[in-house]
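Participant: I would like the entire structure built from these sequences, with the hints used as guidance.
Each chain is listed here by its residues.
2 protein chains.
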Amino acid sequence: MKIAASLALAAAALTLASPASAQFAKPEDAVKYRQGALFVMAQHFGRIGAMANGRVPFDAKAATENAEIVAEMARLPWAGFGPGTDKVTPTRAKAEIWSEQAKFKEHNEKLVGETGKLLAAAKTNSLDNLKVAFGSTANTCKACHDAFRKD
Amino acid sequence: MKIAASLALAAAALTLASPASAQFAKPEDAVKYRQGALFVMAQHFGRIGAMANGRVPFDAKAATENAEIVAEMARLPWAGFGPGTDKVTPTRAKAEIWSEQAKFKEHNEKLVGETGKLLAAAKTNSLDNLKVAFGSTANTCKACHDAFRKD
Chain P
89 MKIAASLALA AAALTLASPA SAQFAKPEDA VKYRQGALFV MAQHFGRIGA
139 MANGRVPFDA KAATENAEIV AEMARLPWAG FGPGTDKVTP TRAKAEIWSE
189 QAKFKEHNEK LVGETGKLLA AAKTNSLDNL KVAFGSTANT CKACHDAFRK
239 D
Chain S
89 MKIAASLALA AAALTLASPA SAQFAKPEDA VKYRQGALFV MAQHFGRIGA
139 MANGRVPFDA KAATENAEIV AEMARLPWAG FGPGTDKVTP TRAKAEIWSE
189 QAKFKEHNEK LVGETGKLLA AAKTNSLDNL KVAFGSTANT CKACHDAFRK
239 D
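Chains as they are written, first to last, in the numbering used here: chain P, 89 to 239; chain S, 89 to 239.
Hint data in this document are derived by calculation from the structure and do not stem from the laboratory. Do not rely on the hints blindly, as some may be mistaken.
Given that identical chains are not distinguished, each listed pair holds provided it fits within a single copy or across any two copies.
Unchecked claim - Straight line, CA to CA, 35 Å or less: simulated DSBU-like cross-link-like pairs of lysine-lysine:
| hint | residue 1 | residue 2 |
| --- | --- | --- |
| 1 | Lys-182 | Lys-198 |
| 2 | Lys-182 | Lys-193 |
| 3 | Lys-191 | Lys-175 |
| 4 | Lys-211 | Lys-114 |
| 5 | Lys-149 | Lys-114 |
| 6 | Lys-219 | Lys-191 |
| 7 | Lys-193 | Lys-211 |
| 8 | Lys-114 | Lys-219 |
| 9 | Lys-198 | Lys-120 |
| 10 | Lys-182 | Lys-205 |
| 11 | Lys-175 | Lys-149 |
| 12 | Lys-198 | Lys-230 |
| 13 | Lys-230 | Lys-219 |
| 14 | Lys-182 | Lys-219 |
| 15 | Lys-191 | Lys-230 |
| 16 | Lys-238 | Lys-191 |
Predicted model only: the values in this text are computed from it and were never measured.
Facilitator: In structure tokens form, the structure reads like this:
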């Protein structure tokens, strides 16, 4: 019973061996993965933004919890932009992601760095620090969207 | 420029104040969130399964990295099953999620516990430990799917 369940689930979620380009069973999974990770990240980032912009009261614990998830999620989506994942629709991903990979990677790494700073700022228990880090992270999001995401 | 970008992003990702039921701007976002989180989790869990079931060579470092993401993601989806999110389609969520909330919550908590054990097992650097924890976690997934997910 245990083994049967394990095998069934493993088969359902099977992915092939390790190179980044082969992490997903099919390109559609990579797209679903990156879109899911980006959406989850945006939800938690938005909750920090609501505090940074005064729409909800500042709550350092909640800000930190959200920033932890944002920082964790920021590492994930990029694996979903591998070779062959540019043909899957619907997507807002621009062709430049694949034609300007070094630049795209720089943006990805910048976001990982900025979300790390956002988490550190949340932990200082200072709304002013949170505002600065939120603004800087938001600009990092926007710069990448402007360059690599369709309107 | 910085402020404009912050405001634009915050507006785009705006969520209302804190109660669990109001974490999302609209029920569709909650559904997209829970589906995204579950999909990301399943991808990383599948990579551990491939090792546990001998489809790819055991790599303790990769197993741990994947288990860290699984354990982190396992905490997230449940917030997306709040009141009013049962009417959004398409979904495989059964009505029992909302009519048997205590039972559903038990399953959610069990998964958080099991994925914590899976991470601990991955860190032991033992494939045997990983297999046991993977099987146990997979059964936890399956039990909840059997009770609360449509085929």
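Participant: Run every hint past the structure and note whether it holds.
Facilitator: To see whether the hints hold, each was checked on the structure:
no., hint, verdict
1, Lys-182 to Lys-198, "within (19 Å within a copy, 41 Å between copies)"
2, Lys-182 to Lys-193, "within (14 Å within a copy, 40 Å between copies)"
3, Lys-191 to Lys-175, "within (20 Å within a copy, 42 Å between copies)"
4, Lys-211 to Lys-114, "between (39 Å within a copy, 29 Å between copies)"
5, Lys-149 to Lys-114, "between (39 Å within a copy, 24 Å between copies)"
6, Lys-219 to Lys-191, "within (27 Å within a copy, 40 Å between copies)"
7, Lys-193 to Lys-211, "both (27 Å within a copy, 29 Å between copies)"
8, Lys-114 to Lys-219, "between (40 Å within a copy, 25 Å between copies)"
9, Lys-198 to Lys-120, "both (23 Å within a copy, 26 Å between copies)"
10, Lys-182 to Lys-205, "within (28 Å within a copy, 40 Å between copies)"
11, Lys-175 to Lys-149, "between (41 Å within a copy, 32 Å between copies)"
12, Lys-198 to Lys-230, "within (12 Å within a copy, 38 Å between copies)"
13, Lys-230 to Lys-219, "within (16 Å within a copy, 42 Å between copies)"
14, Lys-182 to Lys-219, "within (30 Å within a copy, 41 Å between copies)"
15, Lys-191 to Lys-230, "within (14 Å within a copy, 42 Å between copies)"
16, Lys-238 to Lys-191, "within (17 Å within a copy, 43 Å between copies)"
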